[in-house]
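Number of protein chains: 2
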Amino acid sequence: MSVQTLVAPDLLQARVETALRNAGACEASATAAVRALMHASRIGVDSHGVRLVVHYDKVLRGGRVNGTPNITVRKTAAATAIVDGDNALGHHAAYVAMDTAIGLARDSGIGAVGVINSSHFGAAGAYARVAAEAGMIGFATTNSDSVVALFQGREAFHGTNPLAFAAPSVGEKPWLLDMATSSIPLNRLLLYKSLGVQLPQGVAVDEAGAPTTDPASGKTLLPLGGVDFAFKGAALAGVATLLSAILQGMTLDHAFIPMVGGDDYSTPRQMGHFLLAIDPDRFGGRDVFHAGMAAYLAALRSAPAQEGGEILAPGDREWRVEAERLVAGIPVDPDTAAFLELPRSPAGPAGHSKENTAA
Amino acid sequence: MSVQTLVAPDLLQARVETALRNAGACEASATAAVRALMHASRIGVDSHGVRLVVHYDKVLRGGRVNGTPNITVRKTAAATAIVDGDNALGHHAAYVAMDTAIGLARDSGIGAVGVINSSHFGAAGAYARVAAEAGMIGFATTNSDSVVALFQGREAFHGTNPLAFAAPSVGEKPWLLDMATSSIPLNRLLLYKSLGVQLPQGVAVDEAGAPTTDPASGKTLLPLGGVDFAFKGAALAGVATLLSAILQGMTLDHAFIPMVGGDDYSTPRQMGHFLLAIDPDRFGGRDVFHAGMAAYLAALRSAPAQEGGEILAPGDREWRVEAERLVAGIPVDPDTAAFLELPRSPAGPAGHSKENTAA
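In order, the protein sequence lines correspond to chains A and B. At position 112 of the first sequence the residue is numbered 112 (our numbering), and the sequence of numbers has no breaks. At position 303 of the second sequence the residue is numbered 303 (our numbering), and the sequence of numbers has no breaks.
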């Protein structure tokens with residue numbers, strides 16, 4: 001932690017936007033990507049935050065991702081549409097798709113939008129929350145590169161395939177779930193390896209597919225549910241693949257050109273996503289929804305915790321981190337800080353007040 | 001197992017239907033309930049199979065459930081509707097709702113239906129599969145009585161709140177996921193208790209909310225994800241509650257009159273459900289979907305297994321059980337067999353051929 005730089009959100013956002021524009025992203029694409037990356041960095045999901053700008057710079061310059069896409073929306077029925085991303089930054093295509101889903105839901109009660117010809121879109125929760133902020137229930141998913149074993153499998157098959165749901169809650173930030181369908185993300189496995197720290201039980205398997213807590217031998221992630229119940233997490237990963245890839249005719253998890261580590265950064269990966277918005281007005285009505293949500297969250301937050309435990313609703317932890325980071329600054333790792341030419345210490349030369357308060 | 005009776009599916013179905021009719025269910029309600037119960041019993045989900053007929057008899061006679069409901073469908077937008085179950089057997093209301101969702105999806109690309117004033121609907125997968133059999137992706141969920149702790153909680157909060165998804169696969173039974181959002185169902189906890197067998201890790205907590213594998217002290221179920229990652233399972237249970245109860249203005253998990261074990265079998269429980277159908281024709285198209293599904297399942301089923309393991313797609317195990325049971329008969333526990341006046345041994349007096357082959 002001590003080597004991370006704490007950066008004021010406004011400064012960080014400006015630097016990321018400039019970097020993306022310099023790499024060839026048009027204004028709309030850069031704005032969308034920055035919005036999604038800052039969503040993740042603000043709430044503490046650093047794996048999907050601004051550090052990805054280094055990667056996006058590479059794929060924009062390599063040609064895999066089209067910085068000046070012609071994104072098109074084709075309505076296919078009263079409640080469905082297909083967004084063709086034209087190989088855009090996935091964030092751009094996904095925000096267009098969620099906006100489309102919300103519009104469809106306003107007219108037809110629910111809106112479902114498939115995205116084709118897209119690319120890595122960062123954190124799925126960035127899009128689900130847009131629906132919640134528009135007063136709707138939101139859902140967003142994508143498939144991704146194979147890094148998770150099947151139940152009783154020995155090799156990577158599914159991606160960490162996220163499922164993100166969000167719902168409005170009056171007077172506070174949305175209820176927000178943004179979960180990988182593996183127990184832990186790949187980055188955490190790599191971190192434990194580099195630190196030599198024992199893995200939690202049931203999160204990884206070795207070369208032979210046997211569960212291991214030894215970071216040296218952990219090779220592939222296990223689905224949510226661990227050794228005994230990973231068939232559930234694997235099936236949920238399959239839901240992401242069904243909706244994002246199979247329904248859209250896009251690339252299956254195991255067929256992706258590697259996101260990183262391969263030698264091809266010029267061929268588009270033809271990634272699909274799926275976004276959904278549901279309008280409470282077409283069910284029990286907005287007032288009923290808000291009353292139910294308030295009663296549910298009050299009951300949940302007052303439920304008795306185990307010794308030393310704390311009970312939180314999905315999103316509570318993330319919004320708390322956001323409030324802290326808006327004051328203290330957002331931590332940025334050294335490689336990303338160097339890439340963005342950020343000051344190297346919290347009280348460094350950029351001298352923004354929020355950075356200084358964090359020193 | 002030795003005390004269970006193996007019963008030919010046709011005989012079992014007829015006896016269950018007669019029992020429900022005798023308890024006051026109209027023909028449509030009885031037919032729907034039998035269909036859902038036989039779905040579960042045929043594929044091996046015995047907890048949600050024909051044994052529930054004893055319970056339904058009680059609630060039909062008690063008045064909690066209305067045997068002669070006037071179920072109404074109100075379309076609220078191009079892609080949404082509300083089904084008022086009039087306190088019917090939940091199976092009846094849920095089948096009406098899924099049929100409605102499929103019709104909406106045919107017109108509008110996706111159809112979402114909320115069910116209000118319903119009751120226990122058995123296995124969620126019974127409804128998701130209907131969409132798959134109509135060539136669509138199906139989703140079904142409900143909330144249910146509190147039996148599962150929150151992450152770091154010490155008392156029951158959510159129900160086992162199932163999420164069921166199904167998708168068509170050409171030339172074979174549907175891809176089918178029907179999962180509780182707890183690691184194990186309550187029945188399995190009770191079974192381990194009665195057998196005195198150690199619990200798997202991460203499936204239950206004791207009185208103080210501490211994880212335990214001691215069946216004597218296991219009191220409340222843990223969400224999927226076990227001790228370390230139960231926040232994911234708890235949030236997924238919340239998704240079921242959001243869609244089934246909060247969106248529909250129906251009863252929250254912790255507010256239900258107990259399904260069993262209380263003294264009130266006359267007051268309706270005002271349970272909600274949520275059903276969804278998605279038409280592949282409005283996305284990549286049916287041919288694209290089927291080709292993707294075939295490629296996905298072929299890759300999955302040929303993925304290398306760990307030593308002694310076997311890799312299955314969701315539903316593969318269930319359809320295999322169904323094929324076996326159609327030949328060998330369906331096992332029925334002694335209490336249910338007595339209630340249904342079934343023969344007490346596989347080669348008993350009812351003498352149906354399929355029963356005899358199972359002897």
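It cannot be assumed that every hint is accurate.
Copies of the same chain are indistinguishable here, so a pair counts whether it falls within one copy or spans any two.
What the hints assert, rightly or not - Derived DMTMM-like pairs: lysine to aspartate or glutamate, alpha-carbon spacing no greater than 25 Å straight-line:
| id | residue 1 | residue 2 |
| --- | --- | --- |
| 1 | K75 | E307 |
| 2 | K75 | D287 |
| 3 | K58 | D214 |
| 4 | K219 | E310 |
| 5 | K75 | D281 |
Calculated from the structure, these hints are not laboratory results.
Hint check results:
no.	hint	result
1	K75 with E307	neither (53 Å within a copy, 48 Å between copies)
2	K75 with D287	between (30 Å within a copy, 19 Å between copies)
3	K58 with D214	neither (33 Å within a copy, 53 Å between copies)
4	K219 with E310	between (32 Å within a copy, 19 Å between copies)
5	K75 with D281	both (22 Å within a copy, 13 Å between copies)
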